[in-house]
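> Spelled out from the first residue to the last, the chains are:
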Amino acid sequence: MIRFDSVSKAYPSTSRPALNSVSLEVLKGEFVFLVGASGSGKSSFLRLILKEDTPTTGDIHVLGQYLNTLSNRKVPFFRRNLGVVFQDFRLLPNKTVFDNVAFTLQVIGKSRGFIQEAVPDALKMVGLAGKSGRYPHELSGGEQQRVAIARAVVNKPAILLADEPTGNLDPATSAGIMTLLERINLGGTTVLMATHDAGIVDQMKRRVVELSSGQIVRDERQGRYQTQAIPTQAFGREAERIAP
Amino acid sequence: MNFQLIMGEVANGLRRNLSMVISVILVTFISLTFVGAAILLQMQIGQMKGYWYDRAQVAVYLCTNVDTTGNCSQTEASQAQKDAVEAKLTSSALSPYVKKFEFEDHAQAYKNFQAQFSTSPIAGFVTPETLNESFRVNLNNPSDADILIESLSGLAGVQNVEDQRGYLDQIFAVLNTASVTAIGVAVLMLVAAVLLIATTIRLSAFSRRRELGIMRLVGASNRFIQTPFILEGVFSALIGSVLAGLAIVAIVQFFVQGVLTRTLQTTTTLVGLPEALLVVPILIVVGAVLAAASASVAISRYLKV
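Chains as they are written, first to last, in our numbering: chain H, 1 to 244; chain R, 245 to 549.
Take the hints with a grain of salt, since some may be wrong.
Claimed, not checked - One-sided and incomplete, this derived list gives chain H residues near chain R with beta-carbon spacing under 10 Å:
1. M1
2. R3
3. V75
4. V84
5. I108
The hints are simulated quantities; they were obtained by calculation from the structure and are not laboratory data. Even glycine gets a Cβ: it sits at the ideal position worked out from N, Cα and C.
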């Protein structure tokens with residue numbers, strides 16, 4: 001699905017690379033958390049998968065495509081197989097919920113008939129079947145994120161990339177979003193989620209990849225937000241749980 | 245590709261940027277009017293050259309008994325001298341260049357002079373004897389006049405050999421300068437138009453950058469993304485070029501055919517509606533191509549994947 005072979009990414013005018021010799025493979029149907037401090041390279045990682053950037057060195061394969069040499073002309077068609085969700089939702093404020101989801105299908109040239117069928121399905125799946133005529137500002141944050149998720153999955157992508165999708169949401173709403181992402185994952189879609197939310201990571205017990213200063217420092221099956229191997233200072237609820 | 249969706253985007257963009265679109269229309273309108281005027285002037289010059297060069301002659305003026313210039317010494321050119329000039333014109337050296345020539349004697353010259361200056365008081369003072377007799381030579385190729393001037397100027401009894409094209413060239417030089425000026429103004433205005441179109445499209449793209457970002461993210465093809473913007477630029481430039489076309493037709497119809505023809509009457513031929521209608525499609529194509537090119541350059545920054 002996604003394979004990185006010693007990928008490095010350096011931006012001009014900075015000495016330290018954003019990613020430093022990262023090798024990783026994500027298989028079909030996996031649910032992977034990408035954790036790490038701000039500036040650890042999570043966003044660069046996601047940008048490379050989307051081919052918004054090209055790596056300085058190393059090889060990237062996504063969905064059977066060798067991204068290093070994928071021509072600019074083919075990039076749009078490659079991206080149609082990926083869904084993306086952001087922390088700030090990125091909905092179009094002057095379009096209704098239905099039109100926001102339909103927009104992505106219109107711009108890739110889907111027929112009207114297909115749109116009329118696929119959009120209500122996607123909205124139903126995220127639990128917004130009754131709100132297709134609303135505008136984004138009339139919805140709560142959680143509902144807006146559901147619209148964004150519906151938009152990301154309406155074209156049935158093989159991979160869903162989520163960049164801190166719960167970053168702007170309260171814990172209860174976040175849990176709802178995570179249930180939704182889990183359901184999408186069960187449907188066969190590979191989900192790659194960058195997050196800072198320790199509670200969610202600990203609760204889900206999925207694969208965790210931790211980045212630090214552009215390097216993978218941990219890759220655990222059924223991992224937690226912080227590793228159990230190296231004791232570190234813990235805060236808040238986490239501290240209560242570790243040290244009873 | 246979804247035609248309706250693209251047209252909707254175009255209409256949206258035009259509405260949102262109305263003031264910029266109007267300025268694009270005005271600038272293309274003015275610049276293309278200058279382009280059209282320059283083309284028409286060139287056509288006019290071409291037409292006048294064709295018309296007048298055919299009629300322009302080389303005049304070989306012969307001495308009268310008052311002339312002291314040239315090879316004259318106040319003696320009328322003798323018949324022998326006239327025959328010598330005629331023999332030279334029909335000789336194998338010059339005859340290939342000469343289409344035809346005719347001899348204008350004192351009486352004929354006097355008649356022409358009286359007709360030409362009938363309203364001038366000078367007509368009363370001139371007698372036939374003071375007007376030069378001359379050979380009027382039509383050449384196969386008017387630019388060979390120098391050969392004639394060179395070989396005839398030295399003959400006895402010849403006062404002067406004159407290429408009448410010299411008078412015309414001054415007129416053409418003035419017209420040429422006018423058309424070069426028009427082209428210069430047109431080029432400056434076109435540069436302004438191109439930059440303005442690029443700015444307008446950038447503004448339009450900036451106001452829609454959220455849509456553009458999402459389009460790129462979900463895999464809209466570059467062509468799909470750029471088409472509405474290019475159409476937006478082309479559409480506003482097209483309005484401008486159609487206006488310029490109308491202006492050119494109006495200038496030809498009302499000014500050239502109306503005012504100028506009445507003033508100059510039949511002394512020369514002027515460009516007419518057929519020429520103007522030839523210029524209009526040129527203007528429209530130039531406007532559309534320039535707009536499409538500048539819009540696609542302007543939008544390319546938003547297409548980087």
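> Run every hint past the structure and note whether it holds.
So, going through the hints one by one against the coordinates:
1. M1: The hint is violated - H:M1 has no Cβ within 10 Å of chain R, the shortest such distance being about 18 Å.
2. R3: Given a least distance of 21 Å, the restraint on H:R3 is violated.
3. V75: With a closest approach of 4 Å, the H:V75 hint holds.
4. V84: Holds, because the Cβ-Cβ distance from H:V84 to chain R comes to roughly 6 Å (cut-off 10 Å).
5. I108: holds, 6 Å
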